[in-house]
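Could you put the whole structure together from the sequences, leaning on the hints where they help?
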Amino acid sequence: MATTTTVSNDVTRIVRKTETINSNTTLTEADSGKVFFITEPSDASQVITLPAEKAGITFKFICSVDLTNTITIDSATDANIEGELIVNGGSVPAADEDNIKFVGAAADQGDFVEFECDGTHWYVYGIASASGAITANT
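Under my numbering, the residues of the sequence shown are numbered 182 to 319, in order.
Mixed in with the good hints there might be a few duds.
As the list claims (entries may be wrong) - Straight-line Cα separation of at most 20 Å, PhoX-like style, residue types lysine-lysine; simulated pairs:
{"no.": "1", "residue 1": "Lys241", "residue 2": "Lys198"}
{"no.": "2", "residue 1": "Lys241", "residue 2": "Lys215"}
{"no.": "3", "residue 1": "Lys198", "residue 2": "Lys215"}
{"no.": "4", "residue 1": "Lys215", "residue 2": "Lys235"}
What the hints assert, rightly or not - The following label-pair restraints were derived from C-beta to C-beta distances:
{"no.": "5", "residue 1": "Ala276", "residue 2": "Ile308", "range": "12 to 22 Å"}
{"no.": "6", "residue 1": "Ala311", "residue 2": "Thr209", "range": "28 to 38 Å"}
{"no.": "7", "residue 1": "Ser204", "residue 2": "Ala286", "range": "11 to 21 Å"}
{"no.": "8", "residue 1": "Gly270", "residue 2": "Lys235", "range": "28 to 38 Å"}
FYI, nobody ran anything at the bench for these hints, they're computed from the structure. We treat Cβ as the ideally placed atom computed from N, Cα and C, and that holds for glycine.
See below:
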């Protein structure tokens, strides 16, 4: 006779924490795992600063509106962002970068980037529909 085993995984049922950002923000380790919805800054471009590198820290940033102003996601340490961005169907490599930008007048609602840290580097992956909407910069 066959035996059926049911496994319940409570971790997969956890609802991710979210937050809206519309001004300059410095993240902390306690923000790890959150999904940040980026809205238009009130009057100018904004900078979001990642915390010090620590293995296991993760963040996701999603444009919740079509942006007019540029949003910069900046590493606290220079030249440690690595990864790949898919922008307008093409590959944009990130190699030893300082920051990632959602570019004003190009970044659209739904464009996103995700960051994962190994303790030394931030690994980024993201997708944007319009040409030049997300850039990797030194």
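request  = Determine whether the Cβ-Cβ distance between Ser204 and Ala286 falls within the hinted range of 11 to 21 Å.
outcome  = holds, 20 Å
query = Can the restraint linking Lys241 and Lys215 be considered satisfied, given a maximum Cα separation of 20 Å?
reply = holds, 7 Å
message = Hinted pair, alpha-carbon criterion (20 Å max): Lys215, Lys235. Please report holds or violated.
response = This hinted pair holds, its Cα atoms lying about 15 Å apart.
message = Need the status of pair Lys198, Lys215: alpha-carbon distance at most 20 Å?
response = Holds - the C-alpha atoms of Lys215 and Lys198 are around 5 Å apart, at most 20 Å.
query = At the C-beta level, are Gly270 and Lys235 separated by a distance inside 28 to 38 Å?
reply = holds, 34 Å
task = Please test the hint of 12 to 22 Å on the beta carbon pair from Ala276 and Ile308.
result = The hint (12 to 22 Å, Cβ to Cβ) holds, given that Ala276 and Ile308 are roughly 18 Å apart.
query = Given a hinted range of 28 to 38 Å, is it respected by the beta-carbon distance of Ala311 and Thr209?
reply = Holds, since Ala311 and Thr209 (Cβ atoms, about 32 Å apart) stay within the stated range.
query = Does the alpha-carbon distance linking Lys241 and Lys198 stay inside the 20 Å limit?
reply = Distance ~11 Å between Lys241 and Lys198 Cα, so the pair holds.
Violated hints: none; the structure is consistent with every hint.
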